[in-house]
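Spelled out, the chains give:
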Amino acid sequence: MRRDLNRLLIVWLLLLILGAAEVAASYLPLPRAWRPLVMLPGAMMVGVVALGFMEVRRGSVLVRAFAVAGIFWLLVLLVLGSVDPLTRTNYPVPDAQLR
Amino acid sequence: MSLWLPAASDNAAEVDHLIGALLVISAAVLLLVFGLLFVYLIKYRAGSPIDRGAIAQKTWRVETAWTAATLVIFFGLFVWGADLYVRLFQPPQRALKIYVVGKQWMWKVEHAGGQREINTLHLPVGMPVELVMTSEDVIHDFAVPAFRIKHDVLPGRYETLWFTPNRPGIYSLYCTQFCGLDHSKMSGNVVVLSPPEFQTWLAQNGGSHTLAADGRALFMRYGCSGCHGIDGSNDTSGAQSTVRAPSLGGLYGAPVPLTDGSVVIADDRYLHDSIVDPERQIVAGYAPIMPSFAGQIGEEDLLKLILYIKSLPAGGSP
Amino acid sequence: MASTVRQDFQYASPTHQAETAIAGMWLFLATEVLFFGGLILCWIYSRHFNAPGFDAGARQTALWIGTLNTAILVTSSLVYAIGLAFVRAGDTRRLIQCCLLTLALGIAFLGLKFGLEWRLDFAHHLFPADPYFWIAGSLSGGARLFFVFYFISTALHGLHMVIGVGLLLWIIRRARRGEFSPLYHTPVQVVGLYWSFVDVVWIILYPLIYLVGRGQ
Amino acid sequence: MSAVTADGTVAVEKSGIEGSYLTDGYTLRSWLLTTDHKRIALLYLAAITMFFFIGGFAAALVRLNLIVPQGLLGSAETYNRLFTMHGVVMVWFFLVPAVPVTLGNFLIPLMLGARDLAFPRLNLLSWYLFMLGGAVTLWALFAGGVDTGWTFYTPLSTMYSKSHVVLAATGIFISGFSSIATGLNFIVSIHRLRAPGMTWYRMPVFLWSLYSLGVLMVLATPVLAITLLLLALERVFHIGVFDPAIGGDPLLFQHLFWFYSHPAVYIMILPGFGVVSEIIPAFSRKRIFGYKFIVWASVSIAVISFFVWGHHMFVAGTSLYSAVLFSILSYLVAVPSAIKVFNWLGTMHKGFIRFDAPMLYALGFIGLFTIGGLTGLWVAALAADVHLTQTYFVVAHFHYIMVGGMVSAFFGGLHFWWPKITGRLYPEMWARVAALVMFIGFNLTFFPQFILGYLGMPRRYFSYAPEFQVLNVLSSAGASILASAYLLPLGYLVWSLLYGERATGNPWGATGLEWQTASPPPTANFVETPVVTQGPYHYPTPESMQLHG
Numbered sequence: 001m002r003r004d005l006n007r008l009l010i011v012w013l014l015l016l017i018l019g020a021a022e023v024a025a026s027y028l029p030l031p032r033a034w035r036p037l038v039m040l041p042g043a044m045m046v047g048v049v050a051l052g053f054m055e056v057r058r059g060s061v062l063v064r065a066f067a068v069a070g071i072f073w074l075l076v077l078l079v080l081g082s083v084d085p086l087t088r089t090n091y092p093v094p095d096a097q098l099r
Numbered sequence: 001m002s003l004w005l006p007a008a009s010d011n012a013a014e015v016d017h018l019i020g021a022l023l024v025i026s027a028a029v030l031l032l033v034f035g036l037l038f039v040y041l042i043k044y045r046a047g048s049p050i051d052r053g054a055i056a057q058k059t060w061r062v063e064t065a066w067t068a069a070t071l072v073i074f075f076g077l078f079v080w081g082a083d084l085y086v087r088l089f090q091p092p093q094r095a096l097k098i099y100v101v102g103k104q105w106m107w108k109v110e111h112a113g114g115q116r117e118i119n120t121l122h123l124p125v126g127m128p129v130e131l132v133m134t135s136e137d138v139i140h141d142f143a144v145p146a147f148r149i150k151h152d153v154l155p156g157r158y159e160t161l162w163f164t165p166n167r168p169g170i171y172s173l174y175c176t177q178f179c180g181l182d183h184s185k186m187s188g189n190v191v192v193l194s195p196p197e198f199q200t201w202l203a204q205n206g207g208s209h210t211l212a213a214d215g216r217a218l219f220m221r222y223g224c225s226g227c228h229g230i231d232g233s234n235d236t237s238g239a240q241s242t243v244r245a246p247s248l249g250g251l252y253g254a255p256v257p258l259t260d261g262s263v264v265i266a267d268d269r270y271l272h273d274s275i276v277d278p279e280r281q282i283v284a285g286y287a288p289i290m291p292s293f294a295g296q297i298g299e300e301d302l303l304k305l306i307l308y309i310k311s312l313p314a315g316g317s318p
Numbered sequence: 001m002a003s004t005v006r007q008d009f010q011y012a013s014p015t016h017q018a019e020t021a022i023a024g025m026w027l028f029l030a031t032e033v034l035f036f037g038g039l040i041l042c043w044i045y046s047r048h049f050n051a052p053g054f055d056a057g058a059r060q061t062a063l064w065i066g067t068l069n070t071a072i073l074v075t076s077s078l079v080y081a082i083g084l085a086f087v088r089a090g091d092t093r094r095l096i097q098c099c100l101l102t103l104a105l106g107i108a109f110l111g112l113k114f115g116l117e118w119r120l121d122f123a124h125h126l127f128p129a130d131p132y133f134w135i136a137g138s139l140s141g142g143a144r145l146f147f148v149f150y151f152i153s154t155a156l157h158g159l160h161m162v163i164g165v166g167l168l169l170w171i172i173r174r175a176r177r178g179e180f181s182p183l184y185h186t187p188v189q190v191v192g193l194y195w196s197f198v199d200v201v202w203i204i205l206y207p208l209i210y211l212v213g214r215g216q
Numbered sequence: 001m002s003a004v005t006a007d008g009t010v011a012v013e014k015s016g017i018e019g020s021y022l023t024d025g026y027t028l029r030s031w032l033l034t035t036d037h038k039r040i041a042l043l044y045l046a047a048i049t050m051f052f053f054i055g056g057f058a059a060a061l062v063r064l065n066l067i068v069p070q071g072l073l074g075s076a077e078t079y080n081r082l083f084t085m086h087g088v089v090m091v092w093f094f095l096v097p098a099v100p101v102t103l104g105n106f107l108i109p110l111m112l113g114a115r116d117l118a119f120p121r122l123n124l125l126s127w128y129l130f131m132l133g134g135a136v137t138l139w140a141l142f143a144g145g146v147d148t149g150w151t152f153y154t155p156l157s158t159m160y161s162k163s164h165v166v167l168a169a170t171g172i173f174i175s176g177f178s179s180i181a182t183g184l185n186f187i188v189s190i191h192r193l194r195a196p197g198m199t200w201y202r203m204p205v206f207l208w209s210l211y212s213l214g215v216l217m218v219l220a221t222p223v224l225a226i227t228l229l230l231l232a233l234e235r236v237f238h239i240g241v242f243d244p245a246i247g248g249d250p251l252l253f254q255h256l257f258w259f260y261s262h263p264a265v266y267i268m269i270l271p272g273f274g275v276v277s278e279i280i281p282a283f284s285r286k287r288i289f290g291y292k293f294i295v296w297a298s299v300s301i302a303v304i305s306f307f308v309w310g311h312h313m314f315v316a317g318t319s320l321y322s323a324v325l326f327s328i329l330s331y332l333v334a335v336p337s338a339i340k341v342f343n344w345l346g347t348m349h350k351g352f353i354r355f356d357a358p359m360l361y362a363l364g365f366i367g368l369f370t371i372g373g374l375t376g377l378w379v380a381a382l383a384a385d386v387h388l389t390q391t392y393f394v395v396a397h398f399h400y401i402m403v404g405g406m407v408s409a410f411f412g413g414l415h416f417w418w419p420k421i422t423g424r425l426y427p428e429m430w431a432r433v434a435a436l437v438m439f440i441g442f443n444l445t446f447f448p449q450f451i452l453g454y455l456g457m458p459r460r461y462f463s464y465a466p467e468f469q470v471l472n473v474l475s476s477a478g479a480s481i482l483a484s485a486y487l488l489p490l491g492y493l494v495w496s497l498l499y500g501e502r503a504t505g506n507p508w509g510a511t512g513l514e515w516q517t518a519s520p521p522p523t524a525n526f527v528e529t530p531v532v533t534q535g536p537y538h539y540p541t542p543e544s545m546q547l548h549g
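Residue numbers (this note's numbering), protein chains in the order written: chain F, 1 to 99; chain C, 1 to 318; chain W, 1 to 216; chain Y, 1 to 549.
There may be inaccurate statements among the hints.
What the hints assert, rightly or not - In silico SDA-like links for lysine to any residue, alpha-carbon gap of 20 Å or less:
1. C:LYS103 / Y:TYR160
2. Y:LYS292 / C:CYS227
3. C:LYS185 / Y:LEU487
4. C:LYS43 / Y:TYR160
5. C:LYS310 / C:CYS227
6. Y:LYS292 / C:SER172
7. Y:LYS292 / C:TRP60
8. Y:LYS292 / C:SER292
9. Y:LYS292 / C:LYS310
If you are wondering where the hints come from, they were derived from the structure by calculation, not from laboratory data. Every value quoted in this text rests on a predicted model; they were computed, and no experiment measured them.
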């Protein structure tokens, strides 16, 4: 019980530290295109919650497979979905014409 | 009209070759599949007393062989199709630009000389044509089967489509993106004329003055001339300009260095963008002080301005 | 222990059923990931095509509320995990206490988010359909899209929180009836997974809303 | 459900082992509140049949309209609503659920050697969600309909259409949760409820294909849910994410929509692969050829089909890089399909082929699916797609896969397992006739559409140029033949419920656990939990067949 409590408290502290790091990072003067990197500590927090609170590692192989599948297909959606906008140039028509 | 679809552009013949190859490959595969199917069905029907011998236990050799074979054929088809497709994104510089606006449920066409037509498009034979297209409402699609081309026409942005008609005649044009009630009425004809006939047509339907000439008046009216010179030199001590802004003479088609270090070619789209959203691409060495004209200059006026800027030679006033 | 162990007739053993339920929850969470994934793709598109306005919108958000809420949710997950440890050790009373605390933190989150933050946003004319929307001109489109993302994503997350609060109440009721024991506490585990997942969603939304556009 | 004490003694109720699941209660309540996967499958079968005929009726009117160039129905408005209704009902309320919720629901536990799916109550809930979603959509369709096409492209659907878009989207949204619940149930059941000895490689191909389908349902459907939600918000509140006027992008809608709808194509066809992979070995009396290749082809289709959605947008105004990338990925997904066709042929090689109705349907499936698949190569080739997309070529292409492939497989499977489901044999002669007529009617309907498409006739046209009339009339004539072929099974299958010959447990002499139990099976499926000791399709080798036969 005590070991469990200690572990959970460490997880919690780690999350708070990462969260603080994320807020601090958001004040860095990064160029606009690089700003999404501010999310890196956030991504780590997701991992910490999954491992610390959701006990992925204690779960069966199946549980881990489902967790990985969720992340993998999220990346498929985001990466393949971003290829088009990131490599496309829109030539906008001014508002006047849209009436 | 017959059941045969004419191939009336340079692109059409190439696409037909690709489709022909696909047809041959498909027919071969179908022949193989149906052939094997019928042979097996007859030879190995339950009542057939034929000696079947031992069946193959190891299958991976066969499997790998036909997987690899399909992969190779597929890759070849991909390269072929992609090669032709990439060309559709590379209109030649000298292409004749025609502006097309789709709206529920008609096509409005405007030629560089100011000639307008609806649901019809007159073109000269043998000359590359680039359509600059946008929509006033929903997504449409400009398709001419005889040229084997098609592209969606979106609201709020320009899409381009180019081709070279190579055979005079009258061809159908369709809207092929479902656009509401009278989608099926949003069709018309592309009339491909010989160059002299086309010139006659232009002359008979043209306005008294060109769009570029209109653009010149607008250049004054909207105050562009207050900042931008047209002599091609960026000497700001010139009498015209009190504010430092790049000169526009000879700009069209020339490379423009930007503040972020990149270089763009000043094409229609660049000019258009720079008027509507000047902050997006700032010319190196200039301050981002030009106001946006988005919503203030209508699309037709923008077109005229661009045509005027295009007409400016590097040396000075035309 | 008077508590019973659930076992439906298609399972070989109670453990078999428990592990299956947990696996099922995980698969459901994978579904949820893709649901919010669509929203994240919207964020990518909206921001990519309208970065200046979008980031200007992000700077209007109340960072302190978002940050406080992040801390609250992370803490609530911690408390629930402690409760789970207690029920594994056989202490149902502590489980109930932990659930109540989690519930309180969850409601605090909802209160801050919708009772305070949304009200402030409306007052500052940040609602995209507001006729006096806070910004006009070339940045307004991007800023509107930002607040569209903001309101939709926080509303959907809030909906998940409300469902989570309902599930917590259900767990508390069953725990009061003494249905859970070290041998059988699958529902506690499954709801914990859901609660932590809602936490994870917030951990992703938090930088997307408050942080990425903030710096100059 | 039986409550057991902590020491682990299980007290399974004795109910229904003597009789079959059909005789286990006759009240309406015993059907509407059942958690028995077999009864839920029948509830679904009734619903699916209804939707099939509603969608088919709309299709019949569409084909009727196209007999004359100016449109026989006289109103483009009616026509637009009819083809939208056809698409919406057929895609979401027939093709996507058809095989999984009926045959899948019925057979997965039987093939696994399990007593039920992992979450029986979730299974029942999914039926109710399906019915609710269907009811809402039908309400939208009958209250005046939707005129956007089943693809709901923005801004037509959000700003210009004056029809019941939100209502229809709500119905589809709700039925999406039914899909998710079904897929989740299948995946977890296949992972967790395999009988002792049923290793992964001992599972029939049908289970593998439904597993792959589950992956698609669970991971693609939520994206459709959020897309429809945004669509409804855009229409009602004009939030602008798809509106270029304030910086949104209509192509975002298309990306999100096809992220679901392309995998959905495989949701429709994968169970077809599974059904055919059961039927062909059974009627060739031979082990399936290249089992592992077929199996992994299914799984790789499930994965790769998520990478190819952009091929629906080659002319939509996406970037060049995006188009090229999606084109090559699209070719990759065609490889596993090709593998399957050759493996089915390999299975027939040196077999003892019988021509019962299920086999006729399966053969029809191979032929039609091959044509559909090959024409897929045409539209994956970028430059050819520019010419062919959004014309009748595409209509023909996906109907060859969806109707020629999937519906043939559905009928094949329905006939194959009909004795197991109902305990009755269907009239063989009638069934063979129906299969044959369906094949002929189908080809007559859709083959002319390939030519129409190449000639440039756009899809979704209420009226068309006169030179297309001959082919359109041919197509409509074929459709009338096809329609009568679909009505035939409705007649004789219902007849067989009452007058059909009693079926034995294993009328086809097929392998697979579902044939080891009674027809129809008892409520708990098996009297004793079966123990699996060998792989699937353990048909006798040709040598031993020849010795005995």
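To see whether the hints hold, each was checked on the structure:
1. C:LYS103 / Y:TYR160: Cα-Cα ~12 Å, so holds.
2. Y:LYS292 / C:CYS227: violated, 73 Å
3. C:LYS185 / Y:LEU487: violated, 35 Å
4. C:LYS43 / Y:TYR160: violated, 60 Å
5. C:LYS310 / C:CYS227: holds, 18 Å
6. Y:LYS292 / C:SER172: Violated, at about 51 Å.
7. Y:LYS292 / C:TRP60: holds, 9 Å
8. Y:LYS292 / C:SER292: violated, 63 Å
9. Y:LYS292 / C:LYS310: violated, 64 Å
In summary, the structure is inconsistent with hints 2, 3, 4, 6, 8 and 9 from the numbered list given earlier, while agreeing with the others.
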